[in-house]
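Q: Hey, can you work out the whole structure from these sequences and the hints?
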Amino acid sequence: MTNEALQNLISSWVPDPVTSELEFTEEESQFLNISVQPADLHQLMVQLKSNSETNFDYLFCLSGVDWGNELGVVYHLESTTHRHMIVVKVKTEQRDTPLFDSVYDIWKTAEFHECEVFDFFGIQFNNHPNLRRIFLTEDWDGFPLRKDYEDDINMIVK
Amino acid sequence: MNLSLSITKNIHDWLFSMMPETAASLTEMTLIATVYLGVFAVTGLFLVLLERKVAAWFQLRLGPNRVGPWGLFQTIADALKLVSKELTGTVNADKFLYNLAPYFVIITALMALAVLPFSMEFQAFDINIGIFFLIAISSIGVIGILLAGWSSNNKFALIGAMRSGVQTISYELSVGLSLLTVILITGTLQLSEIVEVQRNGWLIVQGHIPAIFAFMIYMISGTAETNRAPFDLVEAESELGAGFHTEYSGMKFAYFFLAEFINMFIIASIATTIFFGAWLSPFGITESLPWLGVFWFLGKTLVLVFLMMWFRWTFPRLRIDQLLTLEWKYLLPLNLMNLVLMAIIVWLNLTIQF
Amino acid sequence: METSTKNNNFKSEEYFINMGPQHPATHGVLRLLLTIDGETIKNVEPDLGYIHRSIEKMCERDSYQQIVHLTDRMDYLSSNINNEAVCLAVENALQIEVPDRVKVIRTIFDELTRIASHNLWWGVMGMDVGALTTYFYAFRDREMINDIFEETCGARLTMNYNIPGGLMFDIHPNFVKRVKEFIAHFKTKLPEYDTLLTNNVIFQKRMRGIGMLSKEDAISYGASGPVGRGSGYSCDVRKTHPYSALDKVTFNEALRTEGDSFARYEVRIQEMWESISIVEQLIDNIPEGDYKVATNAVIKLPKGEFYQKVETARGELGVYIISTGTKNPYRLKFRSPGFSNLSLLNHIAVGGKIGDLVASMATLDLVIPDIDR
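Residue numbers (the working numbering), protein chains in the order written: chain A, 24 to 181; chain B, 23 to 376; chain C, 1387 to 1759.
If you're looking for bench data, these hints aren't it; they were derived computationally from the structure. It should be emphasised that the depicted structure is a prediction, and the values quoted were computed from it without experimental measurement. Fair warning: there could be bad hints in the mix.
[Claimed, not checked] Here are the simulated PhoX-like pairs of lysine-lysine, each with C-alpha atoms no more than 20 Å apart in a straight line:
| hint | chain 1 | residue 1 | chain 2 | residue 2 |
| --- | --- | --- | --- | --- |
| 1 | C | K1689 | A | K170 |
| 2 | C | K1739 | B | K177 |
| 3 | C | K1601 | A | K72 |
| 4 | C | K1573 | C | K1563 |
| 5 | C | K1678 | C | K1489 |
| 6 | B | K351 | C | K1601 |
| 7 | A | K112 | C | K1689 |
| 8 | A | K170 | C | K1713 |
| 9 | A | K112 | A | K170 |
| 10 | C | K1601 | C | K1566 |
| 11 | B | K177 | C | K1428 |
| 12 | C | K1678 | C | K1428 |
| 13 | B | K177 | B | K117 |
| 14 | C | K1443 | A | K170 |
A: Below, the structure is given as structure tokens:
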């Protein structure tokens, strides 16, 4: 499906696109980007996977991003049957306690990827089976991939 | 030229002329024991080097070639290194059993070596239950392994020892039955008599079909008895730990290590004796030089040892449950059927005699 | 031993075993916490991070040419393809069209790298199940490929041959001749591999029916590469999103439907044959031309987000660049194939035996620096 058709289909799922603040954009990216509020994230993901016309059953990239003011997660989805791709972004401004819903129950690959995002950004996920620091040691202080992370000993800044 | 005949007879007479009887017998026995210890040590050294060279040949490389010509002194260098290592023991290990375990395997290996007929005169102990004695001795070796695993007070060593114990006990059945199949032709258990029977043709030829089956089953079970690949789950490095000898170091580890190679030699020697005519030459070509028998025996044994090494470097490993299934569901019934077949052939006089 | 496993109700017959970071079977520094009951595995939890070098953070302060050098060290067995991923992302962002010569040479190098990686995998696979000779045979053939690489780019493992805009040097005059010699030699060796390991009954008993992975699970766990293709999931990036000269060649995608370890093994063997066929199609007609396109000394990507997928020997590698128009990326994320493949280890190993775990892990073909980045 083309990006426009996808956009029409997805906006038809929500009763009122303005209040749910679903944003579509295609600029600065090769895919259709959807920005969604944290509260609606899980439901949108469920529908993206289960709807037979979109059928996004392959989550191929889950990245955490520190946008400066906000912390966010970017999901890249692909459909193995229709071969179209889409990007879903979710952001939160609460840098102290960022919290999103886990999508482990939809795509099992999210288990390890969400652990990685927690490890490097500190973002917590609801309903995750085993959220833990996966790369760094248990007693590491801070979240390294955040932009305000400082480490005089280990980091070399140019 | 009966060189060996005259040597042993001469020494025997000389000793008995010099000292009273008991002292002479004791001296004679000590002398023989020392000779066999020497045979044990040299064979062990040689086999370890042979294994490394054979492995290198299969893997398209050279193997040890620095220490001595063709690397001949490599094992001596290894032995020196092992002797100089610290004998660490674990704190909670059962000291007595921990020290006793290696000696079990060494002593059984030596006892088995004593009854093998290297040549007409070169056999230390020719009792009338030869084969039975050999099988019984190899059963005692299992105790050494289980003791080693248990007394190490180590979870992995215990698992390894248990696996090894199960494996050895299961495959002893097949070894015994396949040897029994061929004994049906000879009608005697005494080793020197078995060799005499083979003057009419080696037993593998006399027994044709069932003897060939018995030989194949014997080789498979013999390889499993000595915990060699493809049945070496016990000492597999890619699995957990190093098996029952995890906690041993230095000379004690060398005992286990040497005992494995000597066991391999013994299995091959038994096969040579029973199936391939021990020290008899094929078609009797060197009948007139009986002292060449030692070389025939060693040659045939080395071919079988090479076969076992070939197995190790080619095949992947079996899992423990596949190992036991092979024995209990396939080899044992095949063995029993083979026994019946051989009995029929002997009864109907269908053996090939020359 | 600090673990925060989900195994809080620990039964008394089960016990913990650590397949520690130093272990002959774990292909690198991977620590597995096994909970076993007798010989059966109840839970496998990997503990990562022993070779974590914070490559993603380093990329935020390095220039794009420097980032290419970092990618070599991730999955060092397909280093060429990793380099190409970043170079392609940068070239697509800057909308540079590289000459055909570059594309063809890049594809030939990719396929040779894939053959070398699968060769090493085969040798180590044999070693893990106990056939110790396969290691030497595999390295003997891999040496020929390493020598070819060394002649052209000076390195055997971390090639650093691709740069944004093309290649660093032109190929050596002997390149075509030596590749043809290698192909002729290797075509006689692959049947030997089959005789030694694939058709061996002991090996088949160790691999058939072990480590079952269904197609839905493969897609859900994000498996890619031979792991996914062994379960019937058609995920070859070279077919779905072709890059470089891949649209000029014809090859089959190695697919099997059984989903067990033997299927994954056969997929890789078939992939070696397919790679040989691709190299044969390209090696005689390398187009003439430049070996690179001039770029600025300081590369600045336009503002935006860029994603590039390539097929390494392990699976699908993704490079996700968020750029704000400066000379360093704002965020660069590597989607590594091994990370997703490792997540299904628990799923396929539970209920089997320890020997099966070793065999299944060997078919997943993990390279830990790729996972830990």
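Q: Decide, hint by hint, whether the structure agrees.
A: Checked hints:
| no. | hint | result |
| --- | --- | --- |
| 1 | K1689/C to K170/A | holds (18 Å) |
| 2 | K1739/C to K177/B | holds (17 Å) |
| 3 | K1601/C to K72/A | holds (16 Å) |
| 4 | K1573/C to K1563/C | holds (16 Å) |
| 5 | K1678/C to K1489/C | holds (10 Å) |
| 6 | K351/B to K1601/C | violated (35 Å) |
| 7 | K112/A to K1689/C | holds (17 Å) |
| 8 | K170/A to K1713/C | holds (17 Å) |
| 9 | K112/A to K170/A | holds (19 Å) |
| 10 | K1601/C to K1566/C | violated (38 Å) |
| 11 | K177/B to K1428/C | holds (18 Å) |
| 12 | K1678/C to K1428/C | violated (54 Å) |
| 13 | K177/B to K117/B | holds (17 Å) |
| 14 | K1443/C to K170/A | holds (10 Å) |
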